[in-house]
Amino acid sequence: MNTITLISAWIIPSMVMIVLITATVKKLPTYELFVEGGKEGVKTAISLLPFLLGMIVSIAIFRSSGALDAFITLLEPVLSFLGIPSEIAPLAFTRPISGTAALAITAELIKIYGPDSFIGRLASTMQGSTDTTFYIITVYFGAVGIHKMGDALKVGLIADFIGIITSIIVVSIVFSQ
Amino acid sequence: MVNYIWAGMSIIGIIYAMINGTMDQVNEAIFSSASEAVTLSIGLISVLVFWLGLMRIAEKAGILSKLSAFFKPLVTRLFPDIPKDHPAMGYILSNFIANLFGLGNAATPMGIKAMKEMKLLSNSDKASRSMITFLVINTSSLTLIPTTVIAIRMQYQSAAPTEIVGTTIIATLITTSFAIIIDRLFYLKRVSKNKK
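Just so you know, the sequences run in chain order S and F.
Residue numbers for the first sequence follow this note's numbering, so the first one is 36 and each next one is one higher.
Residue numbers for the second sequence follow this note's numbering, so the first one is 5 and each next one is one higher.
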C-alpha cells in the first residue's frame with residue numbers, strides 16, 4: 036500500500052519536473068509555451084459547457100423522478116435469475132451515466148456492507164474497471180464538434196455491460212469462500 | 005442514437021414524475037444539476053489549462069514523439085488509419101498512460117487533444133474509425149491503480165484496501181479486450197454495409 040500511495044503522490048510532480056528539465060536543456064521558451072497551450076484549455080472548457088449541461092440535466096431528471104430506481108426494481112427478477120446480487124444493480128446502471136453518482140453509490144455500498152464483504156469488493160472492482168461512457172463521449176465528441184457518433188455509444192455501452200458481468204465473475208472466482 | 009437517449013431520459017423522467025408525484029424533485033434537479041454542470045465545466049478549466057500547457061512544452065521538447073516511438077508497434081495495430089508519425093499517436097498514448105495510473109484529470113485534456121488531431125485527419129463531423137476505437141478503449145477504463153476506490157476502502161477500515169487492485173486489473177483487461185473485439189466487429193459491419 037505504501038508503495039502505491041508513494042507512486043500516486045510522486046508521479047505528477049515527477050512528470051512536471053521531467054518535462055521542464057528536458058525543455059530547459061533544449062533551450063525552449065517553457066513559460067511561453069505553457070501559456071500558449073493553456074489558452075487552448077480555457078477555450079475547450081468553455082466550449083464543453085453546453086454539452087455537459089445538457090447531458091447532466093437529462094440524467095438528473097431521469098434520476099430524481101425515481102424512474103431510474105423503478106427501472107432497476109423492474110429488472111430485479113432478471114438479475115436474481117442470473118445470479119447478480121440486486122444490491123449491486125443501482126451501481127451497475129449508474130456507472131455508465133454518471134461518474135460522481137456512481138462513486139457515491141460505491142461509497143454507500145462499502146459503508147453498508149463493509150469493504151471486505153462480497154458486495155464491497157464487487158462494488159470496488161466494478162467502480163475501477165469501467166468508466167463513465169456518457170461523460171467520455173460527451174466531452175470528447177463535444178470538444179471537437181463531432182455530431183455523428185457512429186457506433187461509439189453502442190459499443191461503449193456493450194463494453195460497460197461486459198465490464199459489469201466480468202467484475203462479478205472475477206470477484207466471485209478470486210474471493211470465493 | 006444519442007439524441008434519442010438524451011430526449012428519452014428527460015421525457016421518461018418527466019412522465020414518471022407526473023404519475024408518481026415527484027415533480028418537485030425533478031424541478032429542483034433541473035436547476036441544481038444545471039448549476040452543477042457549470043461548476044464542473046469551470047472546474048475543468050484548471051486541469052485543462054495546466055495539462056495542455058505542460059503538454060505543449062512536452063510536445064515541443066520531443067517527449068511525446070519519443071513516448072509514441074516506444075509504444076508504436078502496439079498502437080499502430082489498434083489505430084491502423086492514423087499515419088505512424090502523426091501527433092495524434094502521441095496524444096493517444098499520453099491519454100492511455102494517464103488512465104493507467106488513474107490520473108483521470110490529466111487523461112481528459114490529452115484525450116481531447118487526441119480527438120482534435122484525429123478530427124484534422126478525418127476532416128468531417130462524423131466520428132472516424134480511430135475516434136470510435138479510442139473512445140471505446142477509454143470507456144472500458146484502463147485503470148491499473150484505482151486510487152479513489154482504495155481511498156474509500158481505507159476510509160471504511162478495510163483490512164486490505166488494495167486487495168481489489170488484482171481483480172480490477174483482471175476485469176479491466178478482459179473488458180478492454182472484448183471492447184476492442186466488438187469495436188472491430190462493428191467496423192467490419194460498417195465496411196461490408198458500405199460495399200453493398
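These are calculated hints, taken from the structure and not from any lab test.
Model, not experiment: these values are computed from the prediction.
Hints may contain errors.
BS3-like cross-link-like pairs, simulated, lysine-lysine; straight-line CA separation at most 27 angstroms [as the list claims (entries may be wrong)]:
no.	chain 1	residue 1	chain 2	residue 2
1	F	K120	S	K183
2	F	K123	F	K199
3	F	K130	S	K183
4	F	K76	F	K88
5	F	K88	S	K183
6	S	K189	F	K123
7	S	K78	F	K199
8	S	K78	F	K64
Below, a sample of chain F positions facing chain S; criterion: calculated Cβ distance under 8 angstroms [to be verified]:
no.	residue
9	S14
10	A62
11	K64
12	L71
13	F74
14	G115
15	L125
16	N127
17	A131
18	S144
19	S145
20	V195
21	S196
Just so you know, even glycine gets a beta-carbon here, dropped at the ideal spot from N, CA and C.
Against the structure, the hints come out as follows:
1. A C-alpha spacing of about 15 angstroms is found between K120/F and K183/S, which places the hinted pair at or below 27 angstroms, so the restraint holds.
2. Straight-line distance between C-alpha atoms of K123/F and K199/F comes to about 24 angstroms, which keeps the hinted pair within the 27 angstroms bound.
3. Taken as a hint, the K130/F and K183/S pair is honoured in the structure, with Cα atoms around 5 angstroms apart against an allowance of 27 angstroms.
4. Taken as a hint, the K76/F and K88/F pair is honoured in the structure, with Cα atoms around 8 angstroms apart against an allowance of 27 angstroms.
5. For a cut-off of 27 angstroms, the pair hint linking K88/F to K183/S stands: about 26 angstroms separates their Cα positions.
6. Between K189/S and K123/F the CA atoms are separated by roughly 20 angstroms; this keeps the pair inside 27 angstroms, and the hint holds.
7. Simply put, K78/S and K199/F have alpha-carbon atoms about 40 angstroms apart, too far for the 27 angstroms limit, and the pair is violated.
8. With a C-alpha separation of about 21 angstroms, the suggested pairing of K78/S with K64/F holds against the 27 angstroms cut-off.
9. Interface hint status for S14/F: upheld, as the beta-carbon distance to the closest one in chain S is roughly 5 angstroms, under 8 angstroms.
10. Checking A62/F against chain S by beta carbon gives a least distance of about 5 angstroms; that is within 8 angstroms, so the hint holds.
11. The restraint placing K64/F at the interface with chain S holds, with a minimum CB-CB distance near 6 angstroms, inside the 8 angstroms limit.
12. Interface restraint check for L71/F: the shortest CB-CB distance to chain S comes to about 11 angstroms, outside 8 angstroms, so the restraint is violated.
13. Proximity of F74/F to chain S is violated relative to the hint, the smallest CB-CB distance being about 15 angstroms (cut-off 8 angstroms).
14. Interface restraint check for G115/F: the shortest CB-CB distance to chain S comes to about 6 angstroms, inside 8 angstroms, so the restraint holds.
15. Annotation: L125/F was flagged as interfacial toward chain S, and the flag is violated, the nearest CB pair being 11 angstroms apart, outside 8 angstroms.
16. About 11 angstroms separates the beta-carbon of N127/F from the nearest beta-carbon of chain S, more than 8 angstroms, and the hint is not met.
17. With its C-beta approaching chain S no nearer than about 4 angstroms, A131/F sits inside the 8 angstroms limit, and its interface hint holds.
18. With 8 angstroms as the threshold, the beta carbon of S144/F comes within range of chain S, its nearest partner Cβ sitting at about 4 angstroms, so the hint holds.
19. Taken as an interface hint, S145/F checks out: its beta carbon lies about 4 angstroms from the nearest beta carbon of chain S, inside 8 angstroms.
20. This hint is violated: V195/F has a C-beta 12 angstroms from the nearest C-beta of chain S, more than the 8 angstroms allowed.
21. For S196/F, the interface hint is violated, the least distance from its beta-carbon to any beta-carbon of chain S being 14 angstroms, above 8 angstroms.
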